[in-house]
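Enquirer: Sequence:
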Amino acid sequence: MIDIKFLRENPDAVRASQKGRGEDVLIVDKVLAIDEIRKTALDAFETIRAEQNLLSKSVASAKGDEKAALLEKAKALAGLVKEADAKRAQVEDEAKALIMQLSNILDPEAPIGKEEDFVTIEHVGTPRVFDFEPKDHVELGKLLGAIDTERGAKVAGSRSYYLTGAGAMLEFALINYAIASANKAGFTPVIPPVLVNPAAMEGTGFLGQAAENVYHLEKDNLYLVGTSEVPLAAMHMDEVLPADKLPIRYAGYSSCFRREAGTYGKDTRGIIRVHQFDKVEMFSFCHPNEAKAEHQRLLQWEKDFLNAMEIPYRVIDVASGDLGSSANRKFDIEAWIPTQKAYREVTSTSNCAEFQARRLNIRFKDADGTKVVATLNGTLVAIPRMIVAILENHQNADGSVNIPAALQPFLGTTRFELV
RNA sequence: GGAGGGCUCGCAUAGCGGCCGAGUGCACCGGUCUUGAAAACCGGCAUACGAAAGUAUCGUGGGUUCAAAUCCCACGCCCUCCGCCA
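In this text, residue positions in the first sequence follow our numbering: the first is 1, and each later residue adds one.
Keep in mind the hints are simulated off the structure, nothing from the lab.
Glycine included, each C-beta is placed from N, C-alpha and C at the ideal position.
Treat the hints loosely; a few may be bogus.
As the list claims (entries may be wrong) - List of simulated lysine-lysine pairs, DSSO-like, C-alpha gap at most 27 angstroms: (1) K135 with K154; (2) K30 with K96; (3) K73 with K184; (4) K142 with K266; (5) K96 with K371; (6) K19 with K5; (7) K184 with K245; (8) K341 with K292; (9) K5 with K184; (10) K73 with K96; (11) K365 with K292; (12) K371 with K245.
As the list claims (entries may be wrong) - Here are the computed distance ranges between Cβ atoms for each label pair: (13) A86 with Q296: 48 to 58 angstroms; (14) S255 with K365: 27 to 37 angstroms; (15) A50 with R259: 27 to 37 angstroms; (16) V129 with Y264: 28 to 38 angstroms; (17) S61 with D244: 26 to 36 angstroms; (18) E109 with N396: 41 to 51 angstroms; (19) E94 with N361: 18 to 28 angstroms; (20) D93 with P242: 28 to 38 angstroms; (21) T164 with R8: 50 to 60 angstroms; (22) L26 with E109: 35 to 45 angstroms; (23) L207 with V240: 22 to 32 angstroms; (24) V240 with L80: 20 to 30 angstroms; (25) E92 with E115: 32 to 42 angstroms.
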């Protein structure tokens, strides 16, 4: 949610930001208009309520005829108070609903434009030149007995899969390596709930445009999270954190669930785009002044991970039109996928600044008072895509796959052999 | 799934229709006293919006009433017991 005070003082900045995202600009004026009505309604209510409070007090102390007369007056007033209160509540709800629709204000440095208007920040490593025809991860997964998409579809429909043998081992190795390095870097490892209530989902900004990609369990009114960002952010909902504890950093390991609505025909082969996968996510609560620097740190940890996997990649500065509504800036890391001859997103880090924290009411207290914290998130490793990148980049002519040195201690071997 | 009990200011509790934004104890902060500390005593000690007056907040949402922490309804969460179960 955008700070209404900020919006009142900088309506043009908010308009520009909405425009940059390709979102509704007129909403800014709607919000301002209803905010005025809100103030008037609140004022009217407070005035009449104060009057009623006074009157009620005199009823309590009055006696006889005087009391009867005051009671008459008070009864007449009660209806008016109720009316004013209803009006106030209605307008406040409308105002809140409108404000909640506004996306986060863009970082001025974020590139403006649509999905394809990203800016490439750097390339790391060079795509390998193969002296044989590289196989894609589906084929390699079969040869290694690592991935079974056919049985996945049989049991759970399209975009489902089994990780078996080497595939399962690889997941455990990736998770263990990720958690171990995050722990070493000062993150607190967390295994969060993946089933969360509406407040958590709403607060993190996933019930807006992203709502159609969220699984909802209607009977229990709970949601399956698409990322542990949700339970990690909501963990400190309605709390005031001590300033000297910041930054608070968590590395959450969880399954993630995505409906992938509206992606029919996209990445239908293999496990690039699936309904369920496991992921280690970094999450940070920090001082708003530190958010930009923290964003760079998260990006660096992501790069460290890719470097350790010995995979060529590029870093892009995601364009305004392709940011989630919570982010003011986002960097994606895209790994080179040989058989697609393309860089594909494997991790992503977003600076949400105070946007989520304001919705979730997460604050910190220092000498100057109580203020809203900033929140940031970044993928350390999303399993299926990392498996794709590792298998395809490190394959040998016969279909065996070399294991990156960093993972070897967790697997006790240097390569995956054909089964 | 069934039966009970509970949810009040950091913690523990009082309050059971007006004098309650709310008493008491502990904790915490400041002061007096002390060589220092403890004890004792004095004072302070919720949050949001607001320039202020003020308004709102006693799990959440509704209702009754001139007036609700207090009465009624629904929901949430916690605890105990029974059943079922990894």
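Enquirer: So, for every hint listed, does it hold in this structure?
Expert: Here is how each hint holds up against the structure:
1. K135 with K154: holds (24 angstroms)
2. K30 with K96: holds (12 angstroms)
3. K73 with K184: violated (70 angstroms)
4. K142 with K266: holds (22 angstroms)
5. K96 with K371: holds (20 angstroms)
6. K19 with K5: With Cα atoms ~20 angstroms apart, K19 and K5 stay inside 27 angstroms; holds.
7. K184 with K245: holds (18 angstroms)
8. K341 with K292: violated (33 angstroms)
9. K5 with K184: Given pair K5, K184 is violated - Cα atoms ~40 angstroms apart, limit 27 angstroms.
10. K73 with K96: Given pair K73, K96 is violated - Cα atoms ~35 angstroms apart, limit 27 angstroms.
11. K365 with K292: holds (20 angstroms)
12. K371 with K245: Satisfied, since the Cα-Cα distance of roughly 14 angstroms is no more than 27 angstroms.
13. A86 with Q296: 48 to 58 angstroms: holds (49 angstroms)
14. S255 with K365: 27 to 37 angstroms: holds (35 angstroms)
15. A50 with R259: 27 to 37 angstroms: violated (50 angstroms)
16. V129 with Y264: 28 to 38 angstroms: holds (35 angstroms)
17. S61 with D244: 26 to 36 angstroms: Violated: the Cβ-Cβ distance is about 51 angstroms, outside 26 to 36 angstroms.
18. E109 with N396: 41 to 51 angstroms: holds (43 angstroms)
19. E94 with N361: 18 to 28 angstroms: holds (20 angstroms)
20. D93 with P242: 28 to 38 angstroms: holds (33 angstroms)
21. T164 with R8: 50 to 60 angstroms: Distance hint for T164, R8 holds at roughly 58 angstroms.
22. L26 with E109: 35 to 45 angstroms: Between L26 and E109, where Cβ atoms are some 26 angstroms apart, the hint is violated.
23. L207 with V240: 22 to 32 angstroms: holds (25 angstroms)
24. V240 with L80: 20 to 30 angstroms: violated (38 angstroms)
25. E92 with E115: 32 to 42 angstroms: Roughly 36 angstroms apart at Cβ, these two residues keep to the hinted range, so it holds.
The structure fails to meet hints 3, 8, 9, 10, 15, 17, 22, 24 from the earlier list, while all remaining hints are met.
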